[in-house]
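Engineer: Single-letter residue listing:
Protein chains: 2
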Amino acid sequence: MTSATSMFNPVEADLQILADNLIQLIGNDHPILYAAAEHLFGAGGKRIRPAIVLLVSRATMLEKDITPRHRRLAEITEMIHTASLVHDDVVDESEVRRGVPTVHSLFGNRIAIQAGDFLFAQASWYLANLDNLEVVKLLSQVIMDLATGEIQQGLNHFDTNTSIETYLNKTYYKAATLFANSSKAAGLLSEVPSAMAEHLYGYGRHFGLAFQIVDDILDFTSSTDTLGKPAGSDLKSGNLTAPVLFALEEKPYLEKLIERQFAQEGDLEQALALIQDSQGIQRSRELAAHHAKVAVEHLATIPPSDSHQALINIADYVLSRLY
Amino acid sequence: MTSATSMFNPVEADLQILADNLIQLIGNDHPILYAAAEHLFGAGGKRIRPAIVLLVSRATMLEKDITPRHRRLAEITEMIHTASLVHDDVVDESEVRRGVPTVHSLFGNRIAIQAGDFLFAQASWYLANLDNLEVVKLLSQVIMDLATGEIQQGLNHFDTNTSIETYLNKTYYKAATLFANSSKAAGLLSEVPSAMAEHLYGYGRHFGLAFQIVDDILDFTSSTDTLGKPAGSDLKSGNLTAPVLFALEEKPYLEKLIERQFAQEGDLEQALALIQDSQGIQRSRELAAHHAKVAVEHLATIPPSDSHQALINIADYVLSRLY
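In order, the protein sequence lines correspond to chains P and C.
Numbers 1 to 323, taken from our numbering, label the letters of the first sequence in order.
Numbers 324 to 646, taken from our numbering, label the letters of the second sequence in order.
These aren't lab readings, by the way, just hints derived from the structure by calculation.
These numbers were taken from a predicted model, which means no experiment stands behind them.
Where a beta carbon is used, it is the ideal one built from N, C-alpha and C, also for glycine.
Please note that the accuracy of each hint is not assured.
Claimed, not checked - Which bits of chain P does chain C cover? Going by a derived footprint, with three or more residues having C-beta under 8 Å, they are:
1) 116–126
2) 277–291
Stated by the list, open to error - Across the chosen pairs, the derived CB separations fall in these ranges:
3) Glu-198(P) - Arg-433(C): 33 to 43 Å
4) Arg-433(C) - Ile-164(P): 52 to 62 Å
5) Thr-624(C) - Glu-134(P): 33 to 43 Å
Take the sequences, apply the hints, and build the full model.
Structural biologist: Spelled out as structure tokens, the structure:
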């Protein structure tokens, strides 16, 4: 099994530049926002989104070096992702993420809302100044999809009639759209032919789905320590993910527990046990593996390189997190 | 004195189309967001921002009709403004605005944050799809300025060393940038020469400053009923506007009251009395009148038309609100 770090090898130096830039880009004028930015961008983050943008950039530029615009796109991608996390954490009242206190729990709602708005605003501004209308459209679609996904997730809370299709649709909006559109955008900055740009979109889309499904499985199979947040917290908050939706097909009593929103003592524990006892986790693994495989197939037309290989390895690595 | 309605006469029909569109544009899929949109766009709003965009559009298209892109720009302008209001109200914990309960007080923080994010996201998307990179840059600058202004305002709370320059600078970010950049953008969509585009920016900039200074004066001179929010609420929350900053030059005791953040019984009332007794309001009126005058001067190069005249009348009307 490859570690995340060695996998990012072709863009390791790029990611270091990115980390430094991100902290600098966020207002030097505002001490608390700066603290929030350091908190957000300083440590811990896996930076998988900018890593993929940078790898796609290198895989499509080949012998040529990547441009400052490729780097800026990677930074914008991480800013958009971070902005949406900060607001989601306020909305969902989450106290920890990746084992670290959230911005609103550290600095209050005021700073969290402003930091998120400021990151979105900066991202829009840098985006416009990439001077590529097609790229602006792709990333503004991402911003729209993220907002739509968060709203959809709220609407389907505790809804046991949610289909796998609805779940995948919401997962595209909440997670895959950013990988899909930023991969395509990186290709456009490298001026790849449009068929290849579509394959890059396909890689990002299916990679993003696999990535999120794996994340949703880990919420049931990992310890609170490993997750950096309480295990089972998606289920508890009514966010019904793949393992639950598959388990519901086998375990009718699970429906009852969810519909009464775990109101009685022991309901949540019983629900978690029913899911463990079902094929839900296994079927979710298969679903994730399917999307990882489709992702890699989309890379077939891209010429071989270290970065190309790293994009394949990352898809494998995402699945390996389950074992 | 012209009423706001007759002043908007050249674009009255356009504003009706805009009002209908705005409610439709905000997710038909989400019942609560739809309710929030109806609440935000349904009634009461003066729609002065889109009115100015539409008037600039008509004043620069003359005998030709305005295009769907001019209309879309007006809608985007109102969306950006509304999104920033919704988030500002959460951050500032305001319960009423224009006599109407705020979104977060009606629907909760969750919906208010999501509604604001969704409006920003929609605005960015529609903006990108105007297919004009220059316009995208101008409006993304506005989004950035609004976020910056809200943060700056927070930083200067209760700071009696705030200069009029700092106040005008923050006022540009919080209020004038939208008028300035959207007026220029409307001109660009009409393909005006670049010198005229700069004059349109100048009109919007100085109009926006006059508009906000007047608003800041009204906080001291109007009744709670007229304002639709408690009178003196800027001062109470530590937002030091022109009347206060001028009054501070004459009334040293005001500084003390502000610096202890009106901690003692009767402090706020005493501060308000000191301001009334000073030249603060009169000097603020003169400052507003100066900017309204400069705004109108920027219109000199634009050919005469009903819409041109309306733009002049609106600048006069803004001042007339003070009497």
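Engineer: Hint by hint, say whether it matches the structure.
Structural biologist: Here is how each hint holds up against the structure:
Look at the stretch 116–126 of chain P against chain C: 8 of its residues bring a Cβ nearer than 8 Å to a Cβ of that chain, three or more, so the hint holds. Given a C-beta distance limit of less than 8 Å, the hint that chain C covers the stretch 277–291 of chain P is violated, as 0 residues qualify and 3 are needed. Taking 33 to 43 Å as the suggested C-beta distance range, the pair Glu-198(P) and Arg-433(C) conforms, at roughly 36 Å. The supplied range of 52 to 62 Å is broken by Arg-433(C) and Ile-164(P), whose beta-carbon atoms lie about 26 Å from each other.
The hinted range of 33 to 43 Å is satisfied by Thr-624(C) and Glu-134(P), whose Cβ atoms lie roughly 35 Å apart.
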